[in-house]
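Going by our numbering, the residue at position 105 of the sequence shown is 401; the numbering climbs one at a time, nothing skipped.
Among the hints, erroneous ones may be present.
Using C-beta positions, here's what the derived DEER-type ranges look like [as the list claims (entries may be wrong)]:
1) F417 to L332: 32 to 38 Å
2) D329 to V418: 38 to 44 Å
3) T313 to D374: 31 to 37 Å
Calculated cross-link-like contacts (lysine to any residue; reagent style SDA-like; alpha-carbon spacing at most 20 Å) [unchecked claim]:
4) K403 to F417
5) K428 to D322
6) K403 to H361
7) K413 to I399
8) K413 to Q386
9) K413 to Q397
10) K413 to E355
11) K413 to G439
12) K413 to M434
13) K403 to L393
14) K428 to A357
15) K403 to Q386
16) K413 to L387
17) K403 to L387
18) K413 to I372
19) K403 to A365
20) K413 to R379
21) K428 to S356
22) K428 to R438
23) K413 to A357
24) K403 to E353
25) K413 to H361
26) K428 to I364
27) K413 to M341
28) K413 to G363
29) K413 to I364
30) K413 to A437
31) K413 to S394
32) K403 to R379
33) K428 to E353
34) K403 to A357
Derived from the structure by calculation, the hints contain no laboratory data.
Note that CB positions come from ideal geometry on N, CA and C, so glycine has one too.
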Amino acid sequence: MAAGSRYLGGAAPLPTTDDGFRSAGDIGYLDEDGYLYIVDRRVDMIVTGGANVFPAEVESALAGHPGIADVVVIGIADAQWGRRVHAVVQLADGASLSEEQVIEYAKGRLAHYKAPKTVEFVDAIPRTAATKVNRSAMIEARGG
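All chains, please: the whole structure from these sequences, using the hints.
Right, here's the structure in full:
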């Protein structure tokens, strides 16, 4: 949060709290020593079956697999769950994994509801020059 306002290009102003601060939409927490940890962005949170899943947490768990070079987790429309956790995975050179292996690996490190329901393998994760992923474009390309 920041006091005051700052506008970048034609972007809409950030929402203001009752005490005059503006929220950038980041979600975080303070530990017992007062250190702030940023968990993820509110806009990226996936609500699946009524539970909140933060893509960064799932990505971090999957990135620990030696067969995974890169991963992005998004929520895509699902008739049963509202949105389902979907992992887009770039395999490490020479690695071979199935969708089931990736899902089971995630379930061994996360609460089961946070594990991807589906996995898609790609040659490369599209990133900008600043190494950012355009999650909205990835979601839209997969039917929302």
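Status of the hints after comparison with the structure:
{"no.": "1", "hint": "F417 to L332: 32 to 38 Å", "result": "36 Å, holds"}
{"no.": "2", "hint": "D329 to V418: 38 to 44 Å", "result": "40 Å, holds"}
{"no.": "3", "hint": "T313 to D374: 31 to 37 Å", "result": "33 Å, holds"}
{"no.": "4", "hint": "K403 to F417", "result": "18 Å, holds"}
{"no.": "5", "hint": "K428 to D322", "result": "16 Å, holds"}
{"no.": "6", "hint": "K403 to H361", "result": "13 Å, holds"}
{"no.": "7", "hint": "K413 to I399", "result": "7 Å, holds"}
{"no.": "8", "hint": "K413 to Q386", "result": "17 Å, holds"}
{"no.": "9", "hint": "K413 to Q397", "result": "12 Å, holds"}
{"no.": "10", "hint": "K413 to E355", "result": "14 Å, holds"}
{"no.": "11", "hint": "K413 to G439", "result": "16 Å, holds"}
{"no.": "12", "hint": "K413 to M434", "result": "17 Å, holds"}
{"no.": "13", "hint": "K403 to L393", "result": "15 Å, holds"}
{"no.": "14", "hint": "K428 to A357", "result": "19 Å, holds"}
{"no.": "15", "hint": "K403 to Q386", "result": "19 Å, holds"}
{"no.": "16", "hint": "K413 to L387", "result": "18 Å, holds"}
{"no.": "17", "hint": "K403 to L387", "result": "19 Å, holds"}
{"no.": "18", "hint": "K413 to I372", "result": "10 Å, holds"}
{"no.": "19", "hint": "K403 to A365", "result": "19 Å, holds"}
{"no.": "20", "hint": "K413 to R379", "result": "10 Å, holds"}
{"no.": "21", "hint": "K428 to S356", "result": "15 Å, holds"}
{"no.": "22", "hint": "K428 to R438", "result": "18 Å, holds"}
{"no.": "23", "hint": "K413 to A357", "result": "15 Å, holds"}
{"no.": "24", "hint": "K403 to E353", "result": "12 Å, holds"}
{"no.": "25", "hint": "K413 to H361", "result": "17 Å, holds"}
{"no.": "26", "hint": "K428 to I364", "result": "18 Å, holds"}
{"no.": "27", "hint": "K413 to M341", "result": "16 Å, holds"}
{"no.": "28", "hint": "K413 to G363", "result": "19 Å, holds"}
{"no.": "29", "hint": "K413 to I364", "result": "17 Å, holds"}
{"no.": "30", "hint": "K413 to A437", "result": "18 Å, holds"}
{"no.": "31", "hint": "K413 to S394", "result": "13 Å, holds"}
{"no.": "32", "hint": "K403 to R379", "result": "18 Å, holds"}
{"no.": "33", "hint": "K428 to E353", "result": "17 Å, holds"}
{"no.": "34", "hint": "K403 to A357", "result": "9 Å, holds"}
In this structure, none of the earlier numbered hints is contradicted; all agree with it.
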